[in-house]
Structure formats: structure tokens, C-alpha cells
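Chains as they are written, first to last, in our numbering: chain A, 61 to 337; chain B, 61 to 337.
Be aware that one or more of the hints could be misleading.
A pair holds if it fits inside one copy or across any two, identical chains being indistinguishable in the list.
Stated by the list, open to error - As a list, the in silico DSSO-like pairs of lysine-lysine whose alpha-carbon atoms are at most 27 Å apart:
#1 Lys122 to Lys319
#2 Lys199 to Lys333
#3 Lys288 to Lys127
#4 Lys113 to Lys326
#5 Lys113 to Lys311
#6 Lys137 to Lys288
#7 Lys248 to Lys127
#8 Lys288 to Lys122
#9 Lys71 to Lys333
#10 Lys97 to Lys275
#11 Lys97 to Lys284
#12 Lys141 to Lys326
#13 Lys319 to Lys127
#14 Lys122 to Lys311
#15 Lys137 to Lys275
#16 Lys288 to Lys325
#17 Lys71 to Lys145
#18 Lys325 to Lys248
#19 Lys314 to Lys97
#20 Lys122 to Lys284
#21 Lys113 to Lys248
#22 Lys179 to Lys137
#23 Lys314 to Lys145
#24 Lys137 to Lys284
#25 Lys135 to Lys288
#26 Lys145 to Lys113
Hint data in this document are derived by calculation from the structure and do not stem from the laboratory.
2 protein chains.
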Amino acid sequence: MTDTLINGEIKNTISVLDRGLQYGDGLFETMAVCNGKISLWDAHWERLTYGCKQLSMPLPDKETIEKEIDLICDKNKDQIKYIIKLIVTRGEAERGYRFSNEQNITRILTSHSWPDYPKEYQTEGVAVRYCETTLSENKRLAGIKHLNRLEQILARNEWDSDEFQEGLMLTISGDVVDGTMSNIFAVKDNIIFTPSLTLCGVAGVMRKTIINLSKDLGISIFEKTFTKSELEQADELFLTNSLFGIWSVRKIAKTRFTKVGEVTKKLQEELVKIRCK
Amino acid sequence: MTDTLINGEIKNTISVLDRGLQYGDGLFETMAVCNGKISLWDAHWERLTYGCKQLSMPLPDKETIEKEIDLICDKNKDQIKYIIKLIVTRGEAERGYRFSNEQNITRILTSHSWPDYPKEYQTEGVAVRYCETTLSENKRLAGIKHLNRLEQILARNEWDSDEFQEGLMLTISGDVVDGTMSNIFAVKDNIIFTPSLTLCGVAGVMRKTIINLSKDLGISIFEKTFTKSELEQADELFLTNSLFGIWSVRKIAKTRFTKVGEVTKKLQEELVKIRCK
Chain A
61 MTDTLINGEI KNTISVLDRG LQYGDGLFET MAVCNGKISL WDAHWERLTY GCKQLSMPLP
121 DKETIEKEID LICDKNKDQI KYIIKLIVTR GEAERGYRFS NEQNITRILT SHSWPDYPKE
181 YQTEGVAVRY CETTLSENKR LAGIKHLNRL EQILARNEWD SDEFQEGLML TISGDVVDGT
241 MSNIFAVKDN IIFTPSLTLC GVAGVMRKTI INLSKDLGIS IFEKTFTKSE LEQADELFLT
301 NSLFGIWSVR KIAKTRFTKV GEVTKKLQEE LVKIRCK
Chain B
61 MTDTLINGEI KNTISVLDRG LQYGDGLFET MAVCNGKISL WDAHWERLTY GCKQLSMPLP
121 DKETIEKEID LICDKNKDQI KYIIKLIVTR GEAERGYRFS NEQNITRILT SHSWPDYPKE
181 YQTEGVAVRY CETTLSENKR LAGIKHLNRL EQILARNEWD SDEFQEGLML TISGDVVDGT
241 MSNIFAVKDN IIFTPSLTLC GVAGVMRKTI INLSKDLGIS IFEKTFTKSE LEQADELFLT
301 NSLFGIWSVR KIAKTRFTKV GEVTKKLQEE LVKIRCK
């Protein structure tokens, strides 16, 4: 399935002069649709808003995008779960990095089938490796979901087998930051820790949801810098993303975790309640 | 003027599912056309080849691209000077960072008018500022001209006035790397120095041409790391890029250079001889 709306029009091509293609000059959100509604829409919109601010890009009109999303949802009424991806670029322009004050933003909405992840990734956990491709640091781009994704691409393509379900990315100095498509959390003595993302990494919408959820449940949660060995000494590890929610980690490099931890399980149970209501 | 050929077809739109748009997953070359011929084509092709290797992307067929360039040149016979830009992306694909072994590369060729730079930029020099946007370091991406250009975009848009013609970008640790659209060279005691680009920056085709030209002329030239103050203590400074060739620097931040230096002048004269033959 792919429905595509570009600036509200049903079409599936854009101009080669769009800055999204020319320079990766834009942002995106990959969103779960459950029962005809975007899951965690407010959090996605909030991240997009912050991204536009960081890139000095005008924020598109929220109501317009909501109407366009409704159009796609109407068309897919028979689907229980699928994905809507929103791309916002700085629009079509003349050659050159400079942009004018009058930016004609391009809005692209596409729908995609729900990914077919085995249920065991949640209930039994996934195996994770460390990637050699490092994440570079730039505080202006840290946290936002921009279209410059070569580092994640190179990292994700370091392995091809099904032995690992995710790869963790580190800075040059060896701090663990996030997965190629997820954020990581560690539990130690019933306290949750997750890497701080002030210099690099993507601040996932599910990451934020889990931070808020933990606080609501009275579980202490902190952002900090992480080494590999600190991660491997945790009692529980789990990954989050907007689509799969929470995956427990059963193996990281050579360290094994024998079962899904209690804190992870609790969060998985509570997440179900707030996710698709 | 914009002629566009996509995979050899005359059209000017690409699929929204192209990885060039989705993730900036590709490379580009911006090339000067003089008298119906691409200037420094071999050097452009060599950089593209290296870029494809670094991104694990198949190299497109050289002859095919040369034929497509010829088509555009034939159509623009009446133009003495213009630009052809080549973009190569990893092609259309399903959502996700992972790529398959069978990548259907997208080739995009566009023609653009020659930029209208005043002659004085060469003969009298330009004013240069330092940018606040830093360049992040990743040895896998260093040197190549990939489509992830948000850092250059943010840097170029730090100033809007005509007071400065270029901005220099530094690493977090304060090393000068390159300009937003050019490379920088410093002359001290008749020896030329240019920042080494092993961790970041774009290895310009003109940069390489100047390095080779200097060697041919018997002038010593070295790559090294640079601080701002080392740069400001140089006898001569100049910028290079494929389109404008060599611009002398007459002012950097608060440091002024009274006239175009002898080494710069010599290189400008020699470059003319090899550039558009």
C-alpha cells in the first residue's frame, strides 16, 4: 500500500529541484495508525515543531496536515494498523545552500503497511550488536528527525543476517547514543537510565512517552552518558520506537539477559493502555 | 535554464520513495561546462567513484552518464558557460534504512545558469567570516560530496548581507576545515597549506586540481590541521571551488590582506590554462 499526498494533491513524485532531494533539507515523522487514528500525534507534532525551529524552517499549518491525514485514514478504513509517514522539506529552490526568507515548504504524506515484527521480540526480547559507524556530534541537529540519515544507513547495513534485530550507535569517544531506528533504556536497581541526546541521536517520540510514563508510575528515570560496559551491567535493557513500542533486549554483544525484566514488563503493559486509545 | 534527465529520460520529477529524498542517500557533483565540455570531468568522476565506494553504492555506468551529458551539451550549444549537476541516489525502495544488494541507482542530470560572480572576487578578493555551525566528524563520510548537507545549509544561512562572500566552518575543537561551498588554502613563506579532510569536509575537485598544479609548479604544498590564528597569520589566503576557480581572500574576520598575493596570482594564471581546454 502507498497512498501519497503532496501539498494536498494525490500524486507520488516531486520536483528534482526540491531541497529535500538536493540536500536532505527537511524533517520527517514515522507514525503508527491504530484504528484510524495517529498514535501519539501530539508528541510527533511537538518534535516536528522543534525540528522546524532548529532548521529555521516555517512550521506547516497543523490543521491542513491533520485534514490530509484524515483523508488517508478515510481511504484505509479497513486497515487496523498501518504507518503514515510525513516528510516536510524546505521546498523547491534554485541551486545553492542559501535559502530565501520566503520558503515554500513541501508536505509529503505516504501510507505504508504495518511492519511484520514477530511477537517474540516483545515477549522474549531481541539480540543487539554494536555498530562500527559512529554518530557525529552537532548540537544544532541533535534530537531532531531530519532527512540527513547516511550514518543510520551505513550502520544498519553493517549486518545482513537475522541474528541481530538492532544495532547500537556510539560517538567517536565511545558513548552509546541510540539504535539505528530506536532508543535504548537500561534498568539498574529499579532506576531507569537512557542516553542524553544533547549532541547527537534522535529523540524518539516513544522515548519521550516512556520517560513520561515512568514518571507517572513513580519510577525514577534519568538521562546520562553511557559506556558499553555500563550498559552490559544493567539488570534490564529495552529498546523503544514509535512502531514497535518496547522490545526487551535478550542479548547485547556477548552479554545475555535470561528473561524479560519486571520494569520492562510493567512498562509494556502500561504502554498498551495509552497507545491506541 | 533547467534541462533535466532522469535515468536518461527527459523529465523533472522523481518518486517520493527515492532514497535520495527519504534519507539524503546519495552523492552529487556540481560541474562547470566551458565551450561544450565538462571541466575537470576525470576528477569529478574520481570523487564520485570514491563516494560510491564509501557509501557501498554501485557506481553508475560512466559511458551512459557521458552520453547523457553530451545530450545536455548538444542542447545548449549556444551557451559558453553553464553548470551541469549530477545527482546519484540509491534509488527507489521500501521504507527503512536497510538497503538490498540489488540497488537501482537513480541518475539525475540538471543544467543551471552560470552564477554571476563579480570579477573583483578574483582580482581583488573576497571577505570571509567564521560560521558558528560546526562540522561534525565521521571518517566514513569525510571528503565525499554526499546529499546530507544540513550543516552547510545552516552555516550558509548565518549571514544574509553581501558583506561576506563565504563562511568558514570549524570542528567542535576549533580546527578550520573548509568553506560552506569552497576549500581554503593558506600561503606562508611561499609554502601552501590546506586543511586535511580525513574526519570531515568536502574534498573539492578544484582543491585537488590546485594541489596537483602546485606540485607541477614546484611549490611545496601540505595538508595539516589549522587554527583560526594560524590562518590569520598567513601571507596569503585563497578559496577554491569548481565553479569560481580561485578567489583571493582580502579579509577574514578582522584581519585584512592588502593585495592579492604572488602565489595566488600565479595559480590563478596557471589554472586558466588547464581549466577550459
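Results for each hint:
Within a single copy, Lys122 and Lys319 get their C-alpha atoms no closer than 43 Å, and across copies no closer than 54 Å, so neither meets the 27 Å cut-off. For the identical chains of this complex, Lys199 and Lys333 are neighbours neither inside a copy (34 Å) nor across copies (44 Å), given an alpha-carbon limit of 27 Å. Proximity of Lys288 and Lys127 under a CA criterion of 27 Å is satisfied in neither setting, with 45 Å inside one chain copy and 51 Å between copies. Neither within a single protomer nor between protomers do Lys113 and Lys326 lie at most 27 Å apart by alpha-carbon distance, with minima of 35 Å and 46 Å respectively.
Proximity of Lys113 and Lys311 under a CA criterion of 27 Å is satisfied in neither setting, with 38 Å inside one chain copy and 32 Å between copies. With identical chains, the CA atoms of Lys137 and Lys288 are never at most 27 Å apart, being 45 Å at best within one copy and 60 Å at best between copies. In this homomeric assembly, Lys248 and Lys127 never come within 27 Å of each other (Cα to Cα): the closest approach is 44 Å inside a single copy and 62 Å across copies. For a Cα distance limit of 27 Å, the shortest separation of Lys288 from Lys122 qualifies neither inside one copy, at 40 Å, nor across copies, at 44 Å.
In the homo-oligomer, the alpha carbons of Lys71 and Lys333 never lie at most 27 Å apart, since the shortest distance is 36 Å inside one protomer and 49 Å across protomers. Within a single copy, Lys97 and Lys275 get their C-alpha atoms as close as 25 Å, which meets the 27 Å cut-off; across copies the closest is 65 Å, which misses it. In this homomeric assembly, Lys97 and Lys284 never come within 27 Å of each other (Cα to Cα): the closest approach is 34 Å inside a single copy and 55 Å across copies. In this assembly of identical chains, Lys141 and Lys326 lie within 27 Å of each other by CA distance solely inside one copy; the values are 23 Å within and 67 Å between copies.
Taking the shortest Cα distances, Lys319 and Lys127 never come within 27 Å of each other, neither inside one copy (44 Å) nor across copies (60 Å). Within a single copy, Lys122 and Lys311 get their C-alpha atoms no closer than 41 Å, and across copies no closer than 45 Å, so neither meets the 27 Å cut-off. Proximity of Lys137 and Lys275 under a CA criterion of 27 Å is satisfied in neither setting, with 35 Å inside one chain copy and 68 Å between copies. For the homomeric pair Lys288 and Lys325, the shortest alpha-carbon distance inside one copy (23 Å) is at most 27 Å, but the shortest distance between copies (53 Å) is not.
In this assembly of identical chains, the alpha carbons of Lys71 and Lys145 lie at most 27 Å apart whether taken from the same copy (15 Å) or from different copies (26 Å). In this assembly of identical chains, Lys325 and Lys248 lie within 27 Å of each other by CA distance solely inside one copy; the values are 15 Å within and 65 Å between copies. In this homomeric assembly, Lys314 and Lys97 never come within 27 Å of each other (Cα to Cα): the closest approach is 40 Å inside a single copy and 57 Å across copies. For a Cα distance limit of 27 Å, the shortest separation of Lys122 from Lys284 qualifies neither inside one copy, at 33 Å, nor across copies, at 49 Å.
Taking the shortest Cα distances, Lys113 and Lys248 never come within 27 Å of each other, neither inside one copy (35 Å) nor across copies (42 Å). In this assembly of identical chains, the alpha carbons of Lys179 and Lys137 lie at most 27 Å apart only when taken from the same copy (24 Å versus 62 Å across copies). Proximity of Lys314 to Lys145 under the C-alpha cut-off of 27 Å is found in neither arrangement, the shortest distances being 35 Å within a copy and 47 Å between copies. Taking CA atoms no more than 27 Å apart as the test, Lys137 paired with Lys284 passes in neither setting, with 42 Å inside one copy and 61 Å between copies.
Proximity of Lys135 and Lys288 under a CA criterion of 27 Å is satisfied in neither setting, with 46 Å inside one chain copy and 58 Å between copies. In the homo-oligomer, the alpha carbons of Lys145 and Lys113 lie at most 27 Å apart inside one protomer (20 Å), although the nearest pairing across protomers, at 30 Å, exceeds that limit.
The structure shown violates the earlier hints numbered 1, 2, 3, 4, 5, 6, 7, 8, 9, 11, 13, 14, 15, 19, 20, 21, 23, 24 and 25.
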